[in-house]
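Novice: Can you make the complete structure from the sequences, with help from the hints?
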Amino acid sequence: MRIKFLKAKNWLLLALMGLLGFSSCTKMMYDCPPDEYRGYNDSVVDKP
Amino acid sequence: MNLTVKQRVGLELQRSLRRTQEQLHPLKTLFWECTLRCNMNCRHCGSDCKVAPAVKDMPAEDFLRVIDTITPHVDPHKTFIIFTGGEALLRDDLEQVGLELYRREYPWGVVTNGFLLDEKRLASLMASGMHSITVSIDGFEEQHNWIRRHPQSFEKASAAIKLLAQQKDLLWDVVTCVNPRSYPQLKEFKEYLISLGVPAWRLFSIFPMGRAANDPDLQLTDEQYRGLLNFIKDSRENDPRIDASYSCEGFLGPYEQRVRNHFFYCRSGVEVASIRCDGAISGCTSVRSHMDQGNIYKDDFWDVWQNRFQTMRDRSWAKKGQCKDCKVWRYCEGSGLHLYDDDGDLLVCHYHRIKSN
Ligand code: SF4
Ligand code: SF4
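The listed protein sequences correspond, in order, to chains A and B.
Be aware that the first sequence starts at 1, since it is given in the working numbering, and climbs by one per residue.
Be aware that the second sequence starts at 1, since it is given in the working numbering, and climbs by one per residue.
Hints were generated in silico from the structure; no laboratory data involved.
These figures come from a predicted structure and were not determined experimentally.
Some clues are possibly wrong.
Over 12 Å on every C-beta distance to chain A, these chain B residues come out as not near it, computed from the model [what the hints assert, rightly or not]:
| # | residue |
| --- | --- |
| 1 | Leu13 |
| 2 | Gln23 |
| 3 | Lys56 |
| 4 | Asp57 |
| 5 | Val66 |
| 6 | Arg149 |
| 7 | Lys156 |
| 8 | Ile161 |
| 9 | Leu196 |
| 10 | Asp222 |
| 11 | Gly294 |
| 12 | Asn295 |
| 13 | Trp302 |
| 14 | Val304 |
| 15 | Ser356 |
Below, in silico cross-link-like pairs of lysine-lysine (DSSO-like), each with a Cα-Cα straight-line distance of 30 Å or less [what the hints assert, rightly or not]:
| # | chain 1 | residue 1 | chain 2 | residue 2 |
| --- | --- | --- | --- | --- |
| 16 | B | Lys319 | A | Lys7 |
| 17 | A | Lys9 | B | Lys6 |
| 18 | B | Lys78 | A | Lys4 |
| 19 | B | Lys233 | B | Lys298 |
| 20 | B | Lys28 | A | Lys9 |
| 21 | B | Lys6 | A | Lys7 |
| 22 | B | Lys6 | B | Lys56 |
To give a feel for the contact side, a few chain B residues facing chain A, derived at Cβ under 7 Å [claimed, not checked]:
| # | residue |
| --- | --- |
| 23 | Leu17 |
| 24 | Leu24 |
| 25 | Asn261 |
From the three backbone atoms N, C-alpha and C, an ideal C-beta is built for every residue, glycine too.
Specialist: Here it is, written out as structure tokens:
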């Protein structure tokens with residue numbers, strides 16, 4: 001229940017930030033790819 | 001320049017977001033420091049060289065065993081695994097590990113100096129499911145080779161970038177560590193990267209750690225540092241040809257949301273963990289070893305992630321020294337953890353660099 005609440009709050013905060021025109025993608029230090037590089041995408045490679 | 005009302009509103013939202021993330025601590029990024037071997041001898045290297053020769057590469061099966069204990073607790077599609085080093089491509093079993101991750105449906109990526117990235121290696125990495133790659137290049141030939149202390153490093157990094165520019169289905173970018181020698185040529189260097197086909201460019205300045213700690217020639221002056229931020233801001237506002245941005249480190253006051261796509265937020269130990277070469281479990285790989293939280297050879301990774309990491313998730317201990325009475329503490333909370341020395345003292349405050357005259 002608590003986790004659901006936190007996730008909902010998170011979602012709301014991100015939505016509000018988006019509405020205000022703020023981006024919340026995180027690009028990290030040199031050794032970390034940015035958020036937009038994240039997430040599994042099966043189409044990026046031929047089936048090994 | 002001061003914070004605008006809009007920036008303050010955004011920073012307050014970011015603050016609340018940080019609080020919820022601390023409680024949820026979703027494991028979004030996992031670094032594997034797969035080797036401490038390196039084929040360069042960079043002046044600005046963040047690695048602790050003293051331990052480098054003493055620590056052998058972690059066997060792939062030890063890393064994968066940890067992955068298998070994590071998998072039941074996460075959505076693999078949302079946990080990004082990054083191979084870092086040393087120079088990750090020195091390991092010739094990266095493809096096997098990558099393929100195992102691919103089978104478990106984790107996206108994975110590599111950070112490299114590009115030296116070993118030829119057509120054949122790139123093809124085999126992609127065939128093993130590699131999702132993204134970052135190449136580091138710190139300036140034109142003279143500056144890059146000077147900092148890397150290798151006569152072919154620029155040529156090789158450029159060749160790797162050209163190769164990446166030909167790939168359709170790969171996410172990639174370039175990172176540049178700006179120093180006093182490369183700073184005056186930033187504009188020309190940007191044109192060079194654009195001519196190579198670089199879509200995204202991340203810049204940062206050397207942080208006082210590893211070899212760079214004792215080399216004042218590597219540190220930008222405060223004026224140059226502000227110049228760097230202005231250069232990025234200007235590029236973002238006026239040049240759609242390349243997505244230039246500043247790295248994650250440091251609260252940047254009036255530059256917040258103007259030089260990167262997010263507000264400052266040190267995710268180390270909140271969303272980011274690492275498994276170091278010797279098995280140590282930590283947050284971001286840039287954080288010093290005194291903040292290690294456990295070791296895969298003694299502890300269960302998931303148990304450590306769930307129940308330790310308090311020093312990274314609750315930063316109230318950092319409210320001391322120059323941060324104690326800081327007016328922007330609520331937005332910064334003592335900056336990035338990689339900026340702390342072995343005694344837990346902050347080495348540099350970016351906000352004060354910006355504010356200094
Ligand atoms: S003094 Fe500390 S809290 Fe204030 S901006 Fe600098 S690092 Fe952040
Ligand atoms: S420790 Fe530094 S590099 Fe790592 S996430 Fe925090 S600010 Fe970024």
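Novice: It remains to establish, for every hint, whether it holds in the given structure.
Specialist: Now for the hints, and whether the structure bears them out:
1. Leu13: 5 Å, violated
2. Gln23: 6 Å, violated
3. Lys56: Label holds. Min Cβ-Cβ 21 Å, cutoff 12 Å.
4. Asp57: 17 Å, holds
5. Val66: Val66 (chain B) is indeed farther than 12 Å from all Cβ atoms of chain A, at 19 Å.
6. Arg149: Non-interface label stands for Arg149 (chain B): nearest chain A Cβ at 18 Å, farther than 12 Å.
7. Lys156: 18 Å, holds
8. Ile161: 15 Å, holds
9. Leu196: Per Cβ check, Leu196 (chain B) is outside 12 Å of chain A; nearest 18 Å; holds.
10. Asp222: The assertion about Asp222 (chain B) holds, with a minimum of 21 Å to chain A.
11. Gly294: At roughly 21 Å from the nearest Cβ of chain A, Gly294 (chain B) sits farther out than 12 Å, so the non-interface label holds.
12. Asn295: Given a closest Cβ separation of 21 Å, the condition holds.
13. Trp302: 16 Å, holds
14. Val304: Holds, because the least Cβ-Cβ distance between Val304 (chain B) and chain A comes to about 19 Å, which exceeds 12 Å.
15. Ser356: Answer for Ser356 (chain B): holds, closest chain A Cβ roughly 23 Å.
16. B:Lys319 with A:Lys7: Given pair Lys319 (chain B), Lys7 (chain A) holds - Cα atoms ~28 Å apart, limit 30 Å.
17. A:Lys9 with B:Lys6: 21 Å, holds
18. B:Lys78 with A:Lys4: Holds, because 18 Å separates the two Cα atoms, which is no more than 30 Å.
19. B:Lys233 with B:Lys298: At roughly 46 Å apart (the allowed maximum being 30 Å), Lys298 (chain B) and Lys233 (chain B) break the hint.
20. B:Lys28 with A:Lys9: 18 Å, holds
21. B:Lys6 with A:Lys7: 25 Å, holds
22. B:Lys6 with B:Lys56: Cα-Cα ~50 Å, so violated.
23. Leu17: 5 Å, holds
24. Leu24: 5 Å, holds
25. Asn261: Because about 4 Å separates Asn261 (chain B) from the closest Cβ in chain A, which is inside the 7 Å limit, the hint holds.
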